[in-house]
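Asks: Given next are the chains, with one letter for each unit.
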Amino acid sequence: MQIALFIIFGLLAVAGALNLLFQRHPINSALSLIVVMMSLAVLYFSLGAEFLAAAQVIVYAGAIMVLFLFVVMLLNAGEEERTHGSKSAYIAGVPGAAAVFCLLSFVFLKNKAALGTTQLGGYLNNAVSNLTDISHSLFTNLLLPFEVTSILILVAILGAVVLARKEL
Amino acid sequence: MVPIAYYLILAAVLFCIGIAAFLIKRNVITIFMSIELMLNAVNLTFVAFAHMWHQVAGQIFVFFVMVVAAAEAAVGLAIIIALFRVRQTLNVDQINLLKN
Chain A
1 MQIALFIIFG
11 LLAVAGALNL
21 LFQRHPINSA
31 LSLIVVMMSL
41 AVLYFSLGAE
51 FLAAAQVIVY
61 AGAIMVLFLF
71 VVMLLNAGEE
81 ERTHGSKSAY
91 IAGVPGAAAV
101 FCLLSFVFLK
111 NKAALGTTQL
121 GGYLNNAVSN
131 LTDISHSLFT
141 NLLLPFEVTS
151 ILILVAILGA
161 VVLARKEL
Chain B
1 MVPIAYYLIL
11 AAVLFCIGIA
21 AFLIKRNVIT
31 IFMSIELMLN
41 AVNLTFVAFA
51 HMWHQVAGQI
61 FVFFVMVVAA
71 AEAAVGLAII
81 IALFRVRQTL
91 NVDQINLLKN
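Protein chains in written order, with my numbering: chain A, 1 to 168; chain B, 1 to 100.
The following block holds chain A by itself, in its conformation from the complex (with noise of 0.2 angstroms):
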């Protein structure tokens, strides 16, 4: 069962990203960063983060997404041109991006027996919910860092107004 799940959203998740990095439109990109990120929610889902699979719908697939398509439909973005600084690019960053790959599954899969396996639905067996868990440290340990991001927050909004006037 979670094996099937796996495969099925991994590969479609690898899709949605080779597909971004495929795309010449700024909208199919983002329509496919989309994909990947409600994939992520059904895998974040069988790994038994049910609130963050929630909190990925809703704030990255809802939120910071319609921002990104928001953007991309004022500012009229048709598809983007090949250039020679983009030459170089593939010549230096395909090979890189390929080599930091190598690497790391090497480790991961070096390391395969002492990471374990999972279990669909997670640990939490023992009647106590994800989302009671998380809220629980979040307001009793963490309070100070949940209330700083709320000052993150309130910066983020005033230099977003200020940064979009019109008269910068």
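Treat each hint with caution, since some may be false.
Label-pair distances were calculated between CB atoms; the ranges are [stated by the list, open to error]: (1) L131/A / I35/B: 23 to 31 angstroms; (2) L98/B / A63/A: 27 to 35 angstroms; (3) I3/A / A57/B: 25 to 33 angstroms.
Source of the hints: derived by calculation from the structure; they are not laboratory data.
Glycine included, C-beta positions come from ideal geometry on N, C-alpha and C.
Fit chain B to the known structure of chain A by using the hints.
Replies: Using the frame of chain A, we list chain B on its own:
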């Protein structure tokens, strides 16, 4: 029963596609999207490790990453709008005021 290593390798695949997109893409909005893709890949790693250690600390980290990503997206897109107003382009090759 999926090995944790497979989840980590999936995250590595997504992260490396994000790196490649960051370097290859020329549109500044798409470059910003590839940063979001890399953040998502790292989030998957955090959730997989939280599952492995039977603790919610990793999930709380992901929560804070989401908050920061939302703030970053708002400010970054405002900067892109301001940049577009001045330069009338989204191509990063033509935004080279500090070059030379």
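Asks: Does the hinted range 25 to 33 angstroms hold for I3/A and A57/B at CB?
Replies: holds (27 angstroms)
Asks: For the hint 27 to 35 angstroms, verify it against the beta carbon of L98/B and that of A63/A.
Replies: holds (32 angstroms)
Asks: Does the Cβ distance between L131/A and I35/B fall inside 23 to 31 angstroms?
Replies: holds (29 angstroms)
Comparing the model with each numbered hint stated earlier shows that all of them hold.
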